[in-house]
Amino acid sequence: MNQRIIYPEDNGGVAVIIPAAECGLTIEEIAAKDVPAGKPFKIIDAADIPTDRTFRNAWEYSE
Amino acid sequence: MTTLISGTAGVTFPAGGVGNPAGAVVGTTDTQTLTNKTLTSPTLTTPNIDSAQIPTVSGTAPLYMARVWVNFNGTGTVAIRASGNVTSITDNGTGDYTVNFTTAMTDANYSPVATIKPTASASSTNGKVVNIRYDTNLATSSCRLWCNSTGGAEDMDVVAVSVFR
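Chains A and B are the protein sequences, given in the same order.
The C-terminal residue of the first sequence carries number 133 in our numbering, and the numbering is unbroken.
The C-terminal residue of the second sequence carries number 747 in our numbering, and the numbering is unbroken.
The shape of chain A in the complex, shown without the other chains (with noise of 0.2 Å):
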């Protein structure tokens, strides 16, 4: 499952859901499971999401 669930954080930063391939659920369903309630949510692609975590951090959450 090349893709990935964006939420920002209470802290001003950006969660990242990623999905288990094995689960069974599409990535709607797991957004509607995982994301916390009433948390604004992007699905993107994997390859979006920078592989330097240097500052991971300081990642946030755009609309």
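Please keep in mind that the hints were generated in silico from the structure rather than gathered at the bench.
It is possible that some hints are incorrect.
Said to hold, decoys possible - Here's a subset of chain A near chain B, in silico, CB distances under 8 Å, partners left out:
#1 Thr96
#2 Lys109
#3 Tyr131
Stated by the list, open to error - Derived pair list, reagent style EDC-like, types lysine to aspartate or glutamate, alpha-carbon separation capped at 20 Å:
#4 A:Lys112 - A:Glu79
#5 A:Lys103 - B:Asp689
#6 B:Lys699 - A:Asp122
#7 A:Lys109 - A:Glu133
#8 B:Lys699 - B:Asp739
#9 A:Lys109 - A:Asp80
Computed from a prediction, not measured in an experiment: that's the story for all the values here.
From the three backbone atoms N, C-alpha and C, an ideal C-beta is built for every residue, glycine too.
With chain A's structure known, arrange chain B on it following the hints.
Frame of chain A; chain B shown alone:
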């Protein structure tokens, strides 16, 4: 068809008659194969379970199998290598991951067990720990873990988590 009642041989049902079904009656021989049978609350006495699933069972201590397990890469392109009863992991930040369960636990009194492998480029291979994140509680549908070292939160090359309840 005649049902015979004898004072010495007991009751004999005629072949094919009611009460004398074809084949052995369930539970009357040692090597029966049960197919599509529903056993309600069975008591299994020293069952011989597929050796590929339980290679060694010794003693009488009860077995408690993992309810959740996952092995994932916590650095670079964070990704799940393999898992069971996991819908996803959440990358919350450096060394900060949540494991999201497919089927929730009955309560939050379960026991998460985790191990980690630091990255090859880690400044030190000593003093790495993984723990339940200090400001969160276990939830029935997820647990949030925090990997860190003396230098603070740190991404890990391997994070492996199991949950027992």
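To see whether the hints hold, each was checked on the structure:
1. Hint status for A:Thr96: violated, given a least beta-carbon distance of 11 Å to chain B, over 8 Å.
2. Of the supplied interface hints, the one on A:Lys109 is violated, with its beta-carbon coming no nearer than about 11 Å to a beta-carbon of chain B, more than 8 Å.
3. Because the closest C-beta pair between A:Tyr131 and chain B is about 12 Å apart, greater than 8 Å, the hint is violated.
4. Taking the CA atoms of A:Lys112 and A:Glu79, the gap is near 13 Å; set against the 20 Å cutoff, the hint holds.
5. Between the alpha carbons of A:Lys103 and B:Asp689 the distance comes to roughly 18 Å, so the proposed pair stays at or under 20 Å and holds.
6. Among the hinted pairs, B:Lys699 with A:Asp122 is consistent with the structure: their alpha-carbon atoms are about 19 Å apart, no more than 20 Å.
7. Between A:Lys109 and A:Glu133, the direct Cα distance comes to roughly 12 Å. Compliance with the 20 Å bound is thereby established for this hinted pair.
8. For a cut-off of 20 Å, the pair hint linking B:Lys699 to B:Asp739 stands: about 6 Å separates their Cα positions.
9. As the CA atoms of A:Lys109 and A:Asp80 are separated by approximately 10 Å, the hinted pair is consistent with the 20 Å bound.
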